[in-house]
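Peer 1: According to my numbering, the sequence shown is numbered sequentially starting from 4.
Simulated from the structure, these hints should not be mistaken for laboratory data. One or more hints might be untrue.
Mimicking DSBU-like on lysine-lysine, the simulated pairs with C-alpha atoms at most 30 angstroms apart in a straight line are [what the hints assert, rightly or not]:
id	residue 1	residue 2
1	261	211
2	212	169
3	242	229
4	228	242
5	93	103
6	228	169
7	261	216
8	242	261
9	261	212
10	229	216
Predicted, not measured: the structure shown is a model, and the values here were computed from it.
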Amino acid sequence: MEVPGVDIQVLDYRWNVGEQIQELEHDFILRYRPFPAQVSVAARLPEGDLQNFGQLMFFPADVEIRTASANNNELTRNIMCRFDAGWFRKVWSGSSNWSKEELSRCFDMRNLRIEQAIQRLGAEAADPGFASSLMVESLATVIAIEIARYFEDMKEPLRVRTRDGKLSQADLNRIYEYVDSFSNRCPSIEDIADLCDISAAHLRRSFKKTTGKTVHEYVEELRLKKAQSLLAETDLPLKEISYRLGFADSSTFSSTFKRSSGETPSGYRYRFRQ
Numbered sequence: 004m005e006v007p008g009v010d011i012q013v014l015d016y017r018w019n020v021g022e023q024i025q026e027l028e029h030d031f032i033l034r035y036r037p038f039p040a041q042v043s044v045a046a047r048l049p050e051g052d053l054q055n056f057g058q059l060m061f062f063p064a065d066v067e068i069r070t071a072s073a074n075n076n077e078l079t080r081n082i083m084c085r086f087d088a089g090w091f092r093k094v095w096s097g098s099s100n101w102s103k104e105e106l107s108r109c110f111d112m113r114n115l116r117i118e119q120a121i122q123r124l125g126a127e128a129a130d131p132g133f134a135s136s137l138m139v140e141s142l143a144t145v146i147a148i149e150i151a152r153y154f155e156d157m158k159e160p161l162r163v164r165t166r167d168g169k170l171s172q173a174d175l176n177r178i179y180e181y182v183d184s185f186s187n188r189c190p191s192i193e194d195i196a197d198l199c200d201i202s203a204a205h206l207r208r209s210f211k212k213t214t215g216k217t218v219h220e221y222v223e224e225l226r227l228k229k230a231q232s233l234l235a236e237t238d239l240p241l242k243e244i245s246y247r248l249g250f251a252d253s254s255t256f257s258s259t260f261k262r263s264s265g266e267t268p269s270g271y272r273y274r275f276r277q
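Please put together the full structure from these sequences, using the hints given.
Peer 2: Written out as structure tokens, the structure reads:
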């Protein structure tokens, strides 16, 4: 599906063992890979370091992209949103010289709003509805703005300030959103503290005083809710759900789920669907 300045495609790409890619595009490209959750190929950053590709990836215009060799034969599904460079730069000019840190964030983006928006674009491209072109234009604009904010926020870390030892509701909401945006692993206390520009100890105290629970308790509750949703609403195998939620393996996931909910994942899925 194509509208002025934006082209949306849903496509399959097969990686072959040993395959490498080296390319330079003059458009800005956003890709979302619904499956598989993880691939064996990685991007080469400046100075030769490797960065695994996440499910959400952004490729800046006029920046050469190189990958290491693929380790496996893999079929991937991709939703690709290609932005004309002129169109995109009306929203955000982008970095003039993409740093190693910025490129690392490009290839494994963690932003729930962008992920949800490109999923909607993919659904619209696959099955256009009423006023589809207007919907695509609107979503594409939202995505471009969110991409700009994603990188601009790197320049100004969230500086959380507490009052009477408590976090404000706005700061709590940003922490909640940050934690919720993670897939394939759980953010650590240090990750969240770095986001807030406060010490891990300060975060532990203020979060507990504000919410009545520890950060770890909150993260585990969120993982349980996500697990329940995936078990109830999808047919994904336990191994895939375990990976998506950041568990080491399906047995660890099963034991954690049972300890938290009182029943096994399979038992919960069966009961919910009766």
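Peer 1: Please name the hints from earlier in the document that this structure breaks, with their numbers sorted from lowest to highest.
Peer 2: none
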